[in-house]
Amino acid sequence: MRYRFRCLLVAAVLTLSWFGTADLLLAKESCRISVDTILAARNDTVVDPQLKRHIGELQAMFNYTSYRLLSSESLNLSVGQSGLVSLPGDRRLKITPQKIRGSRADIALQMMKQTRTVFETQVQLLNRGSLFVGGPTYQNGNLIFKISSAY
Amino acid sequence: MIHPDADACDEIRLYRYLDKDLDAGEMAQMAAHVAGCRQCRRQLAALTTFSQDLRDRVKEATNSVDFVAVEKQVLNKALRQYGSRGGLSRFIAALKYTIPATITAGLLLFFAYSSDVYKPPPLPSAIINSFTGSMSSVMIFETPETRQTILWYIEETDVESEPNAV
Amino acid sequence: MSKTIHNRIVHDEELILRLQRGDAWAFQLLVRRFRKKIFSIAFGITLDAEESRDIMQEVFLQVYRTFGDFRGDASLATWLHRITVNRSLNWKRRWARRFKWLHVSTDSTDSRSAPEPESDLPSPETRMANVQTRQRIGNALKMLPDQARTVFVLRELEGLTYEEIADVVGIKLGTVRSRLFHARKRLREILQPLMEEEEQ
Chain S
114 MRYRFRCLLV AAVLTLSWFG TADLLLAKES CRISVDTILA ARNDTVVDPQ
164 LKRHIGELQA MFNYTSYRLL SSESLNLSVG QSGLVSLPGD RRLKITPQKI
214 RGSRADIALQ MMKQTRTVFE TQVQLLNRGS LFVGGPTYQN GNLIFKISSA
264 Y
Chain P
3 MIHPDADACD EIRLYRYLDK DLDAGEMAQM AAHVAGCRQC RRQLAALTTF
53 SQDLRDRVKE ATNSVDFVAV EKQVLNKALR QYGSRGGLSR FIAALKYTIP
103 ATITAGLLLF FAYSSDVYKP PPLPSAIINS FTGSMSSVMI FETPETRQTI
153 LWYIEETDVE SEPNAV
Chain H
509 MSKTIHNRIV HDEELILRLQ RGDAWAFQLL VRRFRKKIFS IAFGITLDAE
559 ESRDIMQEVF LQVYRTFGDF RGDASLATWL HRITVNRSLN WKRRWARRFK
609 WLHVSTDSTD SRSAPEPESD LPSPETRMAN VQTRQRIGNA LKMLPDQART
659 VFVLRELEGL TYEEIADVVG IKLGTVRSRL FHARKRLREI LQPLMEEEEQ
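Chains as they are written, first to last, in our numbering: chain S, 114 to 264; chain P, 3 to 168; chain H, 509 to 708.
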């Protein structure tokens, strides 16, 4: 009886430790990347109802008075696979997950405007975390791209 | 002979000649020199062309601005923010917001402190390993508490390809 | 010409009196009269249309707020130019205005501490008429120190005299001459390779 109990205990500990470390030991194959395009401006005080959930976060970070969600796109991308998101003002964002391990995904981002590459960056994005990329002027405001990953 | 009198090439006087910041005699002297000096003529031409290009560039940017909208915004802001000069009414109006704001801030601080004591600091939402590109400027921020990463950039001004930009 | 200037001075004086009385119409007239001038000075210094638009708004709001401080020892235009130059020179600090905080910054805009290399000038094959001109102006002006660029912009864009520039920037006449000389000398050095390319 005592032996059986010990076996069960060892099995339980192993199972729990496996669940705890599986994320670290096994590299994930794909992740879901979402890109929300927000137009932030100071010429009015309109807050897009679709951004209600995020407005606190945005207002805590930026000094604009209005926020409008222009588009929202999600891509399921495997490691090494590239996805393209169309953005306002003839811009495109190329996203390529390069490695997913533990709590972070290594992602390559390439921002293009017309045929020109504006910037290229490599980021380690936290699982369920976001990178805010902003700055381009658009319709009397600035564009903010919220790039999030989940896997 | 392209450059007749190298000793007479005086950059300081040349620029003052460009600005007509010389007396009549000096102006005539420089005019005679410039007429015979290819190097000085080229310098003047390059700077004059550059200045004209700059003026055209500014004109182009100016034409893209909706000044009527700007005027409206300025007038609205000026009258709204500074229009009412009544000190007491302003003070009372301010109190209307200040008191609830102070109470809210106090409560927030209390809850933030009590919950933060037990929470480990969060990880940065994104770590930027490399960044290359051609733009006017770029800044990378991280919020102090929530550690949200923000990458903010200003594109190189390109009015033609960005009709909506102001 | 002198009649125009005379009328203009009279009109400015009337405008000042009305502004001091808090006349909203006078403020509107002031905005309408100086908006393009202010924008172009701001743009010449910052080379950023969006920032210049904001600077222009802030200049007018500052004027509205502080018109009581206007003593009349300088002309209305000089006073407005002075505010615009100060606001424009502080534009880099304005970055912070966009954010609630400023934690880490990697600012590559400070031309004084990190001048852009000359290799950044457009290569001959990519030099398409307008784009080339725009880049050339931008790159060359960005390479000038802020103070020299300001003096150059006031001279070349606004056509101010050396005395007027000294008054606006708050420097001596000799300093205006010296800054203008250094600005042009630097520009000549920057433009030289392009001039040689064009000649070939």
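One or more of the hints may lead you astray.
[Stated by the list, open to error] Straight-line distance between alpha carbons at most 20 angstroms, and here's what the computed PhoX-like set of lysine-lysine pairs gives:
1) H:Lys-545 / P:Lys-74
2) P:Lys-61 / H:Lys-693
3) S:Lys-226 / S:Lys-207
4) H:Lys-545 / P:Lys-22
5) H:Lys-680 / P:Lys-61
6) H:Lys-650 / H:Lys-693
7) P:Lys-22 / H:Lys-680
8) P:Lys-61 / H:Lys-545
9) H:Lys-544 / P:Lys-74
10) S:Lys-226 / S:Lys-141
Hints listed in this document are in silico derivations from the structure and should not be mistaken for laboratory results.
Worksheet item: Tell me, which hint numbers fail for this structure?
Response: 2, 4, 5 and 10
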